[in-house]
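Participant: Each chain, written out:
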Amino acid sequence: MTAKLNVLRYVLGAAMLGLWRNRTMTLGAVVTTAVMLVTLAAFLAINDTLNEMVTALGRKSNLIAYVRDDARPSRVTEIMQDLEQRPGVGEVVFVTKEDALRIFQERFFDQRDVIDILQANPLPASVELRMDDPAVLPALADELRGMTAVFESVAVPLDVVERLVSISNVSRAAGTAMIVALTAVALFVIANTIRIAVYARRQEIEIMKLVGATDWFVRGPFIIEGAFIGLVGATLAAVALVVMYLQVAPTITRIISFLPIATDVSFVRNLAVFIVLVGLVVGSVGSYVSVRRYLAV
Amino acid sequence: MIVLQNVTKVYPNGTRALDDVSLQIDEREFVFLVGPSGAGKTTLIRLINRDTSPDSGNVFVENTDVTRISRREVPKLRRRVGVIYQDYKLLPGLSVRQNVEFVLKSTGEFNGRTSRWVDEALALVQLSDRADHHPHELSGGEQQRTAIARAIVRRCPILVADEPTGNLDHATSWDTIQLLVRINALGATVLMATHNREIVDTMRRRVIEIANGKVVRDELGGGYDG
Ligand SMILES: Nc1ncnc2c1ncn2[C@@H]1O[C@H](COP(=O)(O)OP(=O)(O)OP(=O)(O)O)[C@@H](O)[C@H]1O
Ligand SMILES: [Mg+2]
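Those protein sequences? They're chains V and S, same order as listed.
One gets the working numbering by counting positions in the first sequence from 1 and adding 2 to each.
One gets the working numbering by counting positions in the second sequence from 1 and adding 1316 to each.
Be aware that a few hints might be false.
Said to hold, decoys possible - Going by beta-carbon spacing under 10 Å, a handful of chain V positions derived as facing chain S: (1) L7; (2) I105; (3) G214.
As the list claims (entries may be wrong) - One-sided excerpt, in silico: chain V residues whose CB lies under 7 Å from chain S: (4) N8; (5) V9; (6) V37; (7) I209; (8) M210; (9) A215; (10) T216.
In short, the hints are calculated from the structure, not lab data.
As the structure is a computational prediction, the values presented were derived from the model and not from experiment.
We put the CB at the ideal spot given by N, CA and C, even for glycine.
Please model the entire structure based on the sequences and the hints provided.
Facilitator: In structure tokens form, the structure reads like this:
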């Protein structure tokens, strides 16, 4: 038991001493890890925001066909029943002139009565479609545009969604590539730091092995060193992340109010915990790889 | 205790350092290992604590075939065999005392009780008053004695010394031999490689002579030459 404690004390002490002896390298590795992780966090946050925007917009109608005031209601019902049967069409909703006015009012004028100002309801009724498969939309829109007797105009707000989806795809691909590259850099820097630490202590290591130190006793300090670098780098990144969220996110939300930036506490907390774990893993793996290669134990 | 059976060791560069060597050293024996430079003495010693492995043949230490043990068992073996290296292998950054303590710290065995072992080992090699000096502040003989203290501090049942008197003057050489004899009398098996003719001739112990990687003589109470 005391032997185990002794070993633990030795391993930790040797790790701290090693970090201190190589403090310039240690600092470099910590900063690299922190930068890598801040980037990872930023990417994850941006991606999360984009995903939420896509979902939010996707929940709205994909196609709105504005009904002429003089269209026959039975004809409109017929068309709606037909649309419901079409493949790729999810939901078909009829929004009456009154509904449209109410929605408009709620959105822009709060409690004021628009009719009082406008004398009549200028808003058309509409048929709104929610799609299961947006791919059939263009053809469907053209078809409805052709029914000039029934529909005034046809709007496809999907363009925005499509653009968002492609932006978020691009951002995901670019972000993933960047994360892979940055993780590789962090792994390399940590592995290299540990390699230098191993080199600096090669004589000690040789003698330790010759007098009967176990492999883990020799490896331990280096792996702890790597894990420590990862952990400190990650903690710095997590602190930067939290500060950024507290300072920057509310400002952005105020300026661009429609951006559903994930500002809630649990998201930030999970992200911070995730970052710290990633740092720990990168640090441990980096040093383990290095120790395996350069220590032959 | 230590048994070599048909051991052959060829280094990667092709040097045949040991060629079909067989020998047996019993518990508590004191054995001199002699032979010209390059004969294979250091190689034989390195086989005993699995510092290197033979190409063929078996090496038994305390009834365990050390050529067959797993990596994980090597530390256990090395804790049973104290080695005094020909080139000392002292750590320049550590004091004499720290170099000796290092052995115990490397295995997590350093504590209040074992720190007394360090004092005793240093006293045995008469280095108590140099305990806080670093190797570069020591004479060759003092460095050698530090290496001896380090090899005996753990009180291993087997002590292997590779030319422990190589850098010592006449008087200190004899002090060292007396020390090894005492450790042997306390129960340790001692194998000592040496070029010191006077000591071997005077002590009249068992002598194993190797030349060109072969045992050419194994004589009880022998001298340096056959
Ligand atoms: N690591 C090595 N790689 C290649 N050849 C080696 C190695 N170590 C020793 N040798 C060769 O093996 C042979 C035996 O060497 P060894 O060190 O065992 O001799 P020795 O009897 O201890 O000599 P000395 O009395 O000079 O210490 C020599 O020819 C040496 O050149
Ligand atoms: Mg030799």
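Participant: Hint by hint, which ones does this structure get wrong, listed from lowest number up?
Facilitator: 2 and 6
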